[in-house]
Amino acid sequence: MVLLASALECVGLERRDDVKAAARSTLVRTKDELDRFDIAFDAFWRARVSGADDATAPIHGVPRDRDDPVDREGPSESGDPTQAPTAGAPLDPRTADGGAARPASLNAAKDADRSFTFSADEGLYAKDFAEMTSAELDAARRLAQPGVWDLGRRRTRRMVARAGADAFDARRTLRSSLRRGGEVVELYRLGRKTKRRDLVLLCDISGSMDRYSRLLLHFVHTVRHALGSVEAFVFGTRLTRVTHQLHHRDTRLALDEIASSVADWAGGTRIGDSLFHFNRTWARRVLGRGAIVIIISDGWDRGDVRLLAKEMRRLQRSAYRLIWLNPLLGSAGYRPQTIGMRAALPYVDDFLPANNLRSLVELAELLQTVDHRRPLRRQGVPPVALAR
Amino acid sequence: MNPKIPASVDDVEALLRRGEYVADRPLAVTIFLALSLSKPLFLEGEAGVGKTEVAKVLARMLDRRLIRLQCYEGLDANHALYEWNYAKQILHIRLAESASVAERAALEQEIFGPAFLVKRPLLQAIDDSGGPPAVLLIDEIDRADEEFEAFLLEVLSDNQVTVPELGTFKATVPPIVVLTSNRTREVHDALKRRCLYQWIDYPDIERESAIVASKVPGIEARLARLACAFVAGLRAEPLYKHPGVAETIDWAAALVALGAQEIDERVAVETIGCLLKYQEDVKKVADGAMGMRVARARQAAIGT
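If you read the sequences in order, they're chains E and G.
For the first sequence, the numbering used here assigns the number 412 to the last residue and increments by one with no breaks.
For the second sequence, the numbering used here assigns the number 334 to the last residue and increments by one with no breaks.
Since the hints were derived computationally from the structure, they do not count as laboratory data.
The list that follows gives simulated cross-link-like pairs (lysine-lysine, DSBU-like), each with its CA atoms no further than 30 Å apart: (1) E:LYS334 - G:LYS271; (2) G:LYS314 - E:LYS334; (3) G:LYS118 - G:LYS149; (4) G:LYS307 - E:LYS334.
Over the 12 Å line for every Cβ pair with chain G, so calculated as not near, a few chain E residues: (5) LEU32; (6) ASP62; (7) TRP69; (8) GLY147; (9) ARG213; (10) GLY327.
Looking from chain E toward chain G, a few residues come up when the C-beta cut is under 8 Å (computed): (11) ARG181; (12) MET183; (13) LEU198; (14) ARG199; (15) GLY205; (16) GLY206; (17) ASN303; (18) ARG309; (19) GLY312.
Built from N, CA and C at the ideal position, the CB exists for glycine as well.
Looking at chain E on its own, in the form it has when it is part of the complex:
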């Protein structure tokens, strides 16, 4: 704030674009916020100039943030125009509220926005993906924005200087004491550096998952770009690594590349064989640092069930936490009856639904809490399924 004030002092208040540039340079921290800032700034001036009426109009046409995965799956039906602003409308409070003299009008505009969209969102959050119309699917995709994803951290072996930690930093303490002729005046301490855990995603793309696959892969793509790097695999009858294909910022391009590099899209399912391949070829390379593994599948399996159980047990031992997302779990009255699902369940740490946005939000919350304390693993007893 002080910085903005001094910047405005230097720049002067005669020219609006100069003021905008000054405010931008002092208030905006990341590329993502640039667009939102522009909207807020223009809205502020629009409200001042044209009076209070304009202030209550919802802010239309929120452009995509520049760094977000470009969502070119496109609105297939234009749908209700009032639905369009739902997506990015909640302006980042940091940029929106930061200005020198935020008028009540702008805040009113924001509140009008939020209350206007809240009811539309609420329904969308709870709606099953399989029952959504194309317009709703588009809105759902936009809602799953990066920024909300973070992973729990693990303690690494690397020590860094940290006041108040437990370990004694002999090196630094003695070194600083040399400056005082050997008198130890200050005690320095070392703490363990924490790093974000690795995430490995195994997504089922067989025929039975067809209604969900594309959307869930979109979700995988979003997560990958939010977290920076994620190992992703898809499987049906075989396992294919798709980490490189997710590299594209353009979602449609990434998904198309995945579809073209996978030979068994929407085919049969052999979860056991795929996990066997994963355990043998990839586990040692990607699970080394206490990674979290998420399997997204409905559990319908046509392969060898005993192999499935064996590989699940091996996978649970190698992974830090094994999460199974089942899109069928969300529907009322679902109980894991299939042999495949029942065989795998004893080795799953968290059994969660993945059928609507709310379940994805809850997954995001769970991932943030995974930290250096191990989950309670019951030997061979299935965890309580979280039915909704």
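Using the hints provided, position chain G relative to the given structure of chain E.
Just chain G now, with coordinates in the frame of chain E:
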């Protein structure tokens, strides 16, 4: 001084043979290039295929010191490069104080002198003023973290180390650098690009027999060959962890220790623990087909 760098790939092969390291031609070519171009050698492969051995053999055959840096997560400059012996320094100061009015300048010179510098592997490899040049083995670089890789890049690119209080140490003869990795993590491109890369695979029956023969003195050639054929058969099966060359050598030594003249089903089942270290694999292999495996191994051993 004596670099003795081999002049051709054939020379490298001869050198490795003299050092009792059985290598295939591609590896010899890569080693030759690494030596001639003064680039680090990056060896990747499953555990127990002989990556570390390469460095040991090179050190032995080229009359160089072998300096080994074992990597682990959290390895940092203090453990890898150098450190000051603070305790000794403080003691020195105290003693000087108690003696007479110490001259501060002289004292400072002393406590940051070479006597108080603890050289760690990277600096030991670069500072060859005291003796022969070095082979620097950086073992299991995939166990170190990214911060260490960045640090290593810096050190490797200059072949010199600057200690602010003392000056710069420069290698008169650049050390031969060998990095090994078990591929439990993808090492970053920046580091790999500086090196010459070689994937070391399991040897074939022929080569493995030669290795076993040289490492297990007193073993019959026939038995060694049979053992290698058996292990080769195991490697073709879908096990969780295939036995490496080190395991084959252990097993051969075990057979000799047991006085076994022949490999039959019973001996194989009893000593399977030398080869397979995972319970699932052991169970999978104890499936009653051991007799068939032994028969197949006999066939393979005769065939080659």
